[in-house]
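Chain residues, written in single-letter form:
2 protein chains.
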Amino acid sequence: MRKRSVSPDWFRQEPPRHSYRAVFKWGAAGRFHHPKSGLIRLLQAQLGWTAETWRPRQTGVAEVRAARPSRLAPEQIERLTAMVTPENAGQDDFARVRYAHGQSAEEILQLRGELPAPACDLVLHPRNKQDVQDIVQYCHAESIPVTVFSGGTSVTLGVRPAHGGVTLVMSTHMRRVLAFNETNQTITVEPGMFGPEYEKYLNQAPEYFQAGRRYTGGHFPQSFEYSTVGGWIATLGAGQQSSYYGDAYDLVISQEYVTPTGSFVTAEFPAAATGPKVNDIMKGSEGAFGVLTAATLKIFRWMPANTQRFAYMLPDWPSAIATAREISQGEFGMPSVLRISDPEETEAAVQMYGLGSPVAQALLRLRGLHELKRCLLIGQSDGQAGFSRHVARRSKSICRKMGGLWLSGYPVARWAHGRFLDPYARDDLFDMGILIDTLETTVTWDRLEKVHSGVRKFIKARPRTLCLAHASHFYLQGTNLYFIFIMPMTGVEEYRRFQNGIIEQILSHGGSLSHHHGTGKLMGPWMEAHLGAEQMAVLRALKRHFDPRNIMNPGGTLGLDGGGVLGRTK
Amino acid sequence: MRKRSVSPDWFRQEPPRHSYRAVFKWGAAGRFHHPKSGLIRLLQAQLGWTAETWRPRQTGVAEVRAARPSRLAPEQIERLTAMVTPENAGQDDFARVRYAHGQSAEEILQLRGELPAPACDLVLHPRNKQDVQDIVQYCHAESIPVTVFSGGTSVTLGVRPAHGGVTLVMSTHMRRVLAFNETNQTITVEPGMFGPEYEKYLNQAPEYFQAGRRYTGGHFPQSFEYSTVGGWIATLGAGQQSSYYGDAYDLVISQEYVTPTGSFVTAEFPAAATGPKVNDIMKGSEGAFGVLTAATLKIFRWMPANTQRFAYMLPDWPSAIATAREISQGEFGMPSVLRISDPEETEAAVQMYGLGSPVAQALLRLRGLHELKRCLLIGQSDGQAGFSRHVARRSKSICRKMGGLWLSGYPVARWAHGRFLDPYARDDLFDMGILIDTLETTVTWDRLEKVHSGVRKFIKARPRTLCLAHASHFYLQGTNLYFIFIMPMTGVEEYRRFQNGIIEQILSHGGSLSHHHGTGKLMGPWMEAHLGAEQMAVLRALKRHFDPRNIMNPGGTLGLDGGGVLGRTK
Ligand SMILES: Cc1cc2nc3c(=O)[nH]c(=O)nc-3n(C[C@H](O)[C@H](O)[C@H](O)COP(=O)(O)OP(=O)(O)OC[C@H]3O[C@@H](n4cnc5c(N)ncnc54)[C@H](O)[C@@H]3O)c2cc1C
Ligand SMILES: Cc1cc2nc3c(=O)[nH]c(=O)nc-3n(C[C@H](O)[C@H](O)[C@H](O)COP(=O)(O)OP(=O)(O)OC[C@H]3O[C@@H](n4cnc5c(N)ncnc54)[C@H](O)[C@@H]3O)c2cc1C
Chain Y
1 MRKRSVSPDW FRQEPPRHSY RAVFKWGAAG RFHHPKSGLI RLLQAQLGWT
51 AETWRPRQTG VAEVRAARPS RLAPEQIERL TAMVTPENAG QDDFARVRYA
101 HGQSAEEILQ LRGELPAPAC DLVLHPRNKQ DVQDIVQYCH AESIPVTVFS
151 GGTSVTLGVR PAHGGVTLVM STHMRRVLAF NETNQTITVE PGMFGPEYEK
201 YLNQAPEYFQ AGRRYTGGHF PQSFEYSTVG GWIATLGAGQ QSSYYGDAYD
251 LVISQEYVTP TGSFVTAEFP AAATGPKVND IMKGSEGAFG VLTAATLKIF
301 RWMPANTQRF AYMLPDWPSA IATAREISQG EFGMPSVLRI SDPEETEAAV
351 QMYGLGSPVA QALLRLRGLH ELKRCLLIGQ SDGQAGFSRH VARRSKSICR
401 KMGGLWLSGY PVARWAHGRF LDPYARDDLF DMGILIDTLE TTVTWDRLEK
451 VHSGVRKFIK ARPRTLCLAH ASHFYLQGTN LYFIFIMPMT GVEEYRRFQN
501 GIIEQILSHG GSLSHHHGTG KLMGPWMEAH LGAEQMAVLR ALKRHFDPRN
551 IMNPGGTLGL DGGGVLGRTK
Chain X
571 MRKRSVSPDW FRQEPPRHSY RAVFKWGAAG RFHHPKSGLI RLLQAQLGWT
621 AETWRPRQTG VAEVRAARPS RLAPEQIERL TAMVTPENAG QDDFARVRYA
671 HGQSAEEILQ LRGELPAPAC DLVLHPRNKQ DVQDIVQYCH AESIPVTVFS
721 GGTSVTLGVR PAHGGVTLVM STHMRRVLAF NETNQTITVE PGMFGPEYEK
771 YLNQAPEYFQ AGRRYTGGHF PQSFEYSTVG GWIATLGAGQ QSSYYGDAYD
821 LVISQEYVTP TGSFVTAEFP AAATGPKVND IMKGSEGAFG VLTAATLKIF
871 RWMPANTQRF AYMLPDWPSA IATAREISQG EFGMPSVLRI SDPEETEAAV
921 QMYGLGSPVA QALLRLRGLH ELKRCLLIGQ SDGQAGFSRH VARRSKSICR
971 KMGGLWLSGY PVARWAHGRF LDPYARDDLF DMGILIDTLE TTVTWDRLEK
1021 VHSGVRKFIK ARPRTLCLAH ASHFYLQGTN LYFIFIMPMT GVEEYRRFQN
1071 GIIEQILSHG GSLSHHHGTG KLMGPWMEAH LGAEQMAVLR ALKRHFDPRN
1121 IMNPGGTLGL DGGGVLGRTK
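Residue numbers (the working numbering), protein chains in the order written: chain Y, 1 to 570; chain X, 571 to 1140.
FYI, nobody ran anything at the bench for these hints, they're computed from the structure.
Source: prediction; values computed, not measured.
Yeah, the Cβ is synthetic: ideal placement off N, Cα and C, and Gly gets one too.
You may find that some hints are simply not true.
[Unchecked claim] Where chain Y lies over chain X, by a calculated footprint (3+ residues, C-beta under 8 Å): (1) 697 to 710; (2) 764 to 776; (3) 800 to 807; (4) 829 to 840; (5) 999 to 1007; (6) 1104 to 1112.
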């Protein structure tokens, strides 16, 4: 019999109007996906918690107060408001706070504290490129800071208006399709379009655009439902099928920008030998160079009938790494989803994906696949039917050769089903005083294990702390490492110190400062040391060119300037 | 019976020492590959030439004279010479002219004129990064122009020292392997390494590096034998197997640069979300930002046994385009070689690849494949055995569906055999007063036919002019177009006007200024209009940052500055 776990008394109300909770709660106000019982059992066992400790606290239901009144002059507010019409401007505390926050643990902890909160001075919802141009020009003339907010799912303080000023909300109106080109397999959209909308237009291209086929954008970050095309590009995001479809960097064919010193659109050539590519230079600029107002992206044939799924249990972490490397370097095409979980994450997955039954456990052990050694690999292939079959066949054969036990495609289906729902559970854990957060990095194959063990060691040195890690975006030369850590913690300062420590460990062992979350104002303080003074000087030269008065997302973005009062420091 | 063609009286001597011919002759001094009889027959038929007109002229056998003496001060020459040691410095006319010339038709025509030739002031052969640093620092302090010469196969006046100064020859000493990393599948080399050397190290990795496997770099430009890794990166080149392996832009993981304002090396991460990528910003900088002193590139498993080849004759140009597009967008992996020839190039290929016999001709006609309508497609797939087979199978099935006639793999083998030899024949044609040159561009699928027909119309408006065109580098969104034109012509000014006209046609019909030849000083004058003022301003901001005194490859490179006396104008 499966052990039944406690069902904690989750906080189940919609966030009160204008509350702190309405700022930080994930997703739709009335939608909840509480932690699965597997996860709860794990937390009970590992964190030593009992049913009694599961009581909601710091739920942030109080009404939002901004830390200070707007500092813009009435004349400035009037002029800016007129540009977008009054119904598209917000000056109240709630609007000013709501659009000043992303989804980092730091911001969530602060909001739950119900203290007067960081706020911009004026929220504007531009209706089109012309509005953006008017606003940016005016703010440039008046030296008013401009921060761009799109989906607001940044986990790196990307949308924090460190010096106040105007926040432009791109996702209210600027979410239209501008062009669909089936011949070139591209779509041009405004940057505020959310993931599901984007995918809907492509999947239903015959209905929307009289296209001959159905398409997919191939970009599925875990934040898919609430992040936008513009945010993906601005932060250099990566979706869960990036190993086949590519990262956001690879997907963008051309872009239109409005900057303080001018507007331009890059040409739609898939390649060209006409010097350094301005289209690529703008990617990842995180709102510090200008505002992305349109983007043309690659699209792919959508053929869900061809999807193949597979999952294996491998003997240990080294064999899981070797398997993933052989798949990545095998030159038979790439699976779209490929994910290897380290031993601790594997145990969590065993609980959550229905492999935790005594029978299954005994079977695994019988095959020499032991707890806290064994590693889960899940994969999915896509593309043309024969291609997808071949990729799956080859991948499976490699898994088998490395001693993997076939687990059917079921765990992948489970994973796929829950992949956009898991963020909802984060709110529940925070309600219970349990902090869950992630940090991620890129590693070359030869440093993977060094970074993994070094970072893990640091995290696990903290008592009662879970550390689940996986690699899920693969390249010929390496992969990413994604660390999830879970522990009882509610103090902002305590968390900052802990988080800083992890970042230092990642860097000192040879990982990159970020694989797909961007740097925002969170990673800013490490940028100079990470890239080196010469390369930071290149980014600063670009910054000076586009934004000589430092009005675009100032206060630490990309480490281009200092953090200021609201900025982040090490 | 096959019609026997004349065998012209080719110029068969090695270039005299220190002659103009020694500067421009392709490849090894004693090596010749005269035009195939198929090409000669074609020229006879199309250009109306007879055996009597085949007489070598303007062969450039006179001894080189530089247009002017060196303008560097004796003290400067002494200091610079000491940096590399005297044996690595050249001041004589031949050295100064030889390393001031690439392989553009314009340069070749000028050299054949045996007039006093453009020259740099001093040739230096740096031995290592330190030498490069010393030289660049000194030249920066003294405001002496620095031009980088590597393989010298530039066809865009890339190595022309428009303002004299120092020319750095990278390919003399700086051609070593610095690191080989089998785990990450990367190799780090100095930039002066030639194609065959690079490929030899990789193919023979077990012998050189005790590697477990054999590798390939996957980059095979037609200039492969005499171009270098650094040149590929600096000009954003593309090899003949780029559709699978990627362009030079895609192959480069990290780089080391020496610039007037500092030196740096970019990190070896296969991806990262830490802002705009300085590694990518430097690619394609054509020596105008600094000197590339080391590069780490992706390598691939070398599995020649898995190569599959196929060739088809398609009914017409639209069906050839549709076939290539379906292959490129079919999502079953890409062939490494894919090339579609337009009707005129197809007729040339029919002659040259042994399809010209009366029997073959009759057979083709019988199948409805008529002269000057039918189009040749050749392809090759590589990679893991099953992958390569699948790519070939799918490609073939698409060819058949589009009405293609299977021609076996023989034409591909013929093409592969001759692909690095054809450039030798260029010297022979020029000897006969026949100019052969090429221009190339990128097109999206929806503009392919517009650019093709527009440019062709312009070229064919000139009497007695062959125009062969093909597309050979494929992407989801489009391809390149490569125009070869052949006509009797010897005048530099006449040619410039004609070439300018073609460039204008490419641009006015919506092609890019270059797909893989770079821009050099030849395309410089069109850059501003092509990219637009705002994007040129970005490149100029970078230029100012790296090279505030404009010493690096000045005189029109990338259109960053004016052409000056030796520069190119429209
Ligand atoms: C639960 C959760 C899961 C996540 N999973 C993933 C994942 O799997 N993969 C991944 O890549 N990321 C992930 N993220 C991070 C985040 O979703 C991404 O960074 C996303 O790309 C941000 O998009 P957004 O529209 O929310 O942008 P925002 O958060 O609104 O903005 C992000 C940054 O981009 C700038 N910006 C946005 N739009 C523009 C524009 N039009 N012009 C100029 N600058 C602009 C902003 O100023 C800000 O600096 C996750 C986040 C959460 C909370
Ligand atoms: C017959 C023929 C066929 C060709 N076929 C192809 C083809 O198929 N594909 C293709 O892409 N190109 C082709 N080209 C063009 C040419 O070969 C490429 O541009 C090649 O990449 C140049 O390499 P290189 O070593 O000869 O460079 P060079 O000609 O020596 O230099 C080219 C440019 O790069 C700069 N440069 C070189 N090395 C460095 C360095 N270390 N640091 C900074 N700047 C540097 C130079 O200053 C110059 O501006 C062909 C040329 C010819 C003549």
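Evaluated hints:
Proximity of the stretch 697 to 710 of chain X to chain Y, defined as three or more residues with a beta carbon under 8 Å from a beta carbon of that chain, is not established by the 0 residues found. Note: the stretch 764 to 776 of chain X has 0 residues with beta-carbon separation from chain Y under 8 Å; the three-residue rule is not met and the coverage is violated. Coverage of the stretch 800 to 807 of chain X by chain Y holds [criterion: at least 3 residues with CB-CB distance below 8 Å; count 3]. With a threshold of 8 Å between beta carbons, the proposed coverage of the stretch 829 to 840 of chain X by chain Y holds, since 9 of its residues qualify and at least three are required.
For the stretch 999 to 1007 of chain X, the proposed coverage by chain Y is not satisfied: 0 residues have a C-beta within less than 8 Å of a C-beta in that chain, short of the threshold of three. Residues of the stretch 1104 to 1112 of chain X lying with their CB closer than 8 Å to a CB of chain Y number 7, which satisfies the three-residue condition for coverage.
Going down the numbered hints, you'll see the structure goes against 1, 2 and 5, while the others check out.
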